[in-house]
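Trainee: Use these hints to put chain B onto chain A, whose structure you have.
Here are the chains, one letter per residue:
There are 2 protein chains.
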Amino acid sequence: MPQVKVGLIGFGTVGAGMVEVLVHNRELIEDRIGAAIVLKKIADLDIHSDRGVKVDPALLTTDAMEIIDDPEIDVVVELIGGCDQAMEFISMAMERGKHVVTANKALIAQYGKQLFETAERCGVDIAFEASVAGGIPIIRALREGLAANQIEAVLAILNGTSNYILTRMTEEELSFDEALALAQRLGYAEADPSLDIDGSDAAHKLTIIISLGFGYPCRYEDVYKEGVDKISLEDIRFAGEFGYCVKLLAIARKVDGQIEARLHPAFVPLDHILANVNEAYNAVYIEGDFVGPTLFYGLGAGKRPTGSAVVSDIMDIARNQIKGISRRVSPLSFARSPATELSLRPMDQVSTDYYFRFSAVDRPGVLSKISGVLGANNISIASVIQKSREAHGSVPVVMLTHEAKERDVRKSLEIIDQLDIVTEKTVLFRVERKTGI
Amino acid sequence: MPQVKVGLIGFGTVGAGMVEVLVHNRELIEDRIGAAIVLKKIADLDIHSDRGVKVDPALLTTDAMEIIDDPEIDVVVELIGGCDQAMEFISMAMERGKHVVTANKALIAQYGKQLFETAERCGVDIAFEASVAGGIPIIRALREGLAANQIEAVLAILNGTSNYILTRMTEEELSFDEALALAQRLGYAEADPSLDIDGSDAAHKLTIIISLGFGYPCRYEDVYKEGVDKISLEDIRFAGEFGYCVKLLAIARKVDGQIEARLHPAFVPLDHILANVNEAYNAVYIEGDFVGPTLFYGLGAGKRPTGSAVVSDIMDIARNQIKGISRRVSPLSFARSPATELSLRPMDQVSTDYYFRFSAVDRPGVLSKISGVLGANNISIASVIQKSREAHGSVPVVMLTHEAKERDVRKSLEIIDQLDIVTEKTVLFRVERKTGI
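Going line by line, the protein sequences match chains A and B.
For the first sequence, position 152 (counting from the first letter as 1) is numbered 136 according to our numbering, and the numbering increases by one without interruption.
For the second sequence, position 253 (counting from the first letter as 1) is numbered 237 according to our numbering, and the numbering increases by one without interruption.
One chain only, chain A, in its complex shape (with noise of 0.2 angstroms):
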């Protein structure tokens, strides 16, 4: 039987999955390609730690380049994360002939670019299918399944961790604080959460959604991004009481030419589907031309699925290899740059409904004095809710606008900030409701 051989630079979690998938369902895996995929050599700069699988401690090496400069060496596997390094070493393996398979979000959607020029100079293949939405195999929908569609619109639930935090804060009332330490008690989120809360791990998996999906070279820096590490429990609830859920939602759509590509918390009604992903779940949502709405649902995380997803990049690879090719389909599934211009729409173009929580002093017309600022600044009123008087003397007015433009909306906030029956700072979400199955 034909063999493909693999090193894999970086044995931390997603790298152990791998391994385990390998050893577990080596036999499968033999069956459906008709070549074995033998693990040849494991480079991390921890050799000792248990990572709960058997490998013969002959393959562990702490020196990377015994992997890179191993000429019977066909796959390098980059697991290590982080973008320098694992540049570096991505690069001088494609520059030794060797595909590449990597799980690094962060690397590809910075990266990318230069990666892939780099891989179709020195004719190697480049796959990812780990680094967006774990196990679910998102990139080879968007390259292949989905390929003789127009990507009209991508609305998406990329991490994992911060779709948790939004599951407790929902369901049992806990705040930002309490959720987040909870799923770092479970494992749900790393010692330092930042990129998972910050949203930038969202983005990135966005930047190379749009990549994929409309073949325009998206820069992370372009993507506009929110984390959930502002959301507080009152405004989950208010969402609530209007038939609404709180989600990070990365989307990405094609409106008038251009598209947006932005990543924030948004209402999301109750009865759309991705108002029904819950726990670490991910899910991307894919509008295309002539297949209509589809939606793709699994773990976005974790050791096993994405340990998965690593594994069916290097059975490809070795599909191709076993036939004598490489580069079947380009990485980002596109043989020729389109020719059709597009570019990303301005975030202060971009038009939604929004969700208002004004803080204002408990007295009469505060609230026309707001609506009359919304109105001169084409801002319509869908509903409203005013509470009672709280116990610091100010209420929350919360409403919910119809469709508005968000450079209208920046500018009436500012003007509403200041006025001196406003106590607090306005909270703004964006209501996705255009696009549903």
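Be aware that a few hints might be false.
Copies of one chain are not kept apart here, so a pair can be met inside one copy or by any two copies together.
Unchecked claim - Listed next, the in silico SDA-like pairs over lysine to any residue satisfying Cα-Cα at most 25 angstroms (straight line):
1. 238 - 323
2. 307 - 101
3. 38 - 276
4. 97 - 66
5. 409 - 327
6. 389 - 362
7. 97 - 19
8. -11 - 304
9. 307 - 323
10. 307 - 18
11. 307 - 14
12. -11 - 319
Hint data in this document are derived by calculation from the structure and do not stem from the laboratory.
It should be emphasised that the depicted structure is a prediction, and the values quoted were computed from it without experimental measurement.
Mentor: Chain B only, in chain A's frame:
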């Protein structure tokens, strides 16, 4: 730019959809694959009807052999449906070295083995993404995206017509006949809806899923099959009272080294994700040993989604052709037959929870008699609803059981239906609550 020449046999609804995709998204397709897909000929018995899409009349022929014998044509797309004629055309095309794309689930389910052998002998590809779940790329997910996983279970809603009828019965309390008539009026059901409502269509798709997912050469005749045509509104209402809805489920599940293969209406808990798949949508829930639970959701039928799936297969073959290869992935994604001995689990060995609706005379002791028979056959009752007397003198006694064996259930009902207190044949539904997100 390289060209891939395609001949289409069968210019019906899906054929017109495919042509529309090729025309409308020509540039996108060329950008993605770096080749032009040229539709060279279209064969249909009717070459005069307007299909709502413009084609050069010179492409049309009534003689499929003009396509099959054309040495320039690389890919033959078969969309005539039915088995005998389609089998003949496809076999001849493959013998002449042409790759084949088909949406014909009946053909693949019943004659797949033979077709795949011919394809192997002739060194050509045969692709059938459009045969299961329309636009949802579920074949690719099983063959490639989830290929590193042992598939543990599949639960799927695979027939849009049946799901549309059940949705109308549930939401508007229409009778089966009313819902079917509405489905026909709106184009969700054919004039002769028998293949949809008797479960054959979904059972064909389940056969294909089992072969792909488990590497087990499932025969269509061996899949247990019941359609939606005998479902009464009364049972849908009782389902609601118990916290369930009724769905036509395709189920494949590994149990003790055997595979359950069954297609029947089932009670699904209202909080299960499949309970929220309504209207004409399809959804496929797949559980893999590493990826865990996943769901793929979208439109399972219709000209545009199915047309886009057909074109995705042509693009796949084009990508092979550009690289000068074929048969990169074998049709069922197994390069060799799995060594593990699997078999289908006989239906009478299946264990699940059950719902029974007994029609009994309104007399004391009825419940005790019925439950006595059940108890004697190892069936224990989880909950009971007994309604008051109805006009015609008999009362429905409905119950949910704990897990029981189908064999025991059948034996019990045989006895119960002959009791003199029982006035009509007992209605049975299986209750699926073991697998879920």
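Trainee: Give a verdict on every hint.
Mentor: Here is how each hint holds up against the structure:
1. In this assembly of identical chains, the alpha carbons of residue 238 and residue 323 lie at most 25 angstroms apart only when taken from the same copy (16 angstroms versus 48 angstroms across copies).
2. Within a single copy, residue 307 and residue 101 get their C-alpha atoms as close as 23 angstroms, and across copies as close as 19 angstroms, so both meet the 25 angstroms cut-off.
3. Taking the closest pair of Cα atoms, residue 38 and residue 276 come within 25 angstroms of each other only across two copies (22 angstroms); inside a single copy the shortest separation is 45 angstroms, beyond that limit.
4. Taking the closest pair of Cα atoms, residue 97 and residue 66 come within 25 angstroms of each other only inside a single copy of the chain (17 angstroms); across copies the shortest separation is 48 angstroms, beyond that limit.
5. In this assembly of identical chains, residue 409 and residue 327 lie within 25 angstroms of each other by CA distance neither inside one copy nor across copies; the values are 32 angstroms within and 65 angstroms between.
6. For the homomeric pair residue 389 and residue 362, the shortest alpha-carbon distance inside one copy (8 angstroms) is at most 25 angstroms, but the shortest distance between copies (65 angstroms) is not.
7. Taking CA atoms no more than 25 angstroms apart as the test, residue 97 paired with residue 19 passes between copies only; the shortest distance there is 23 angstroms, against 31 angstroms inside one copy.
8. When the C-alpha separation of residue -11 and residue 304 is checked against a cutoff of 25 angstroms, the pair qualifies both within a copy, at 14 angstroms, and between copies, at 24 angstroms.
9. Proximity of residue 307 to residue 323 under the C-alpha cut-off of 25 angstroms is restricted to the inter-copy arrangement: shortest distance 24 angstroms between copies versus 32 angstroms within a copy.
10. With identical chains, the CA atoms of residue 307 and residue 18 are at most 25 angstroms apart both within one copy (11 angstroms) and between copies (20 angstroms).
11. When the C-alpha separation of residue 307 and residue 14 is checked against a cutoff of 25 angstroms, the pair qualifies both within a copy, at 15 angstroms, and between copies, at 24 angstroms.
12. Proximity of residue -11 and residue 319 under a CA criterion of 25 angstroms is satisfied inter-copy only: 19 angstroms between copies versus 28 angstroms inside one chain copy.
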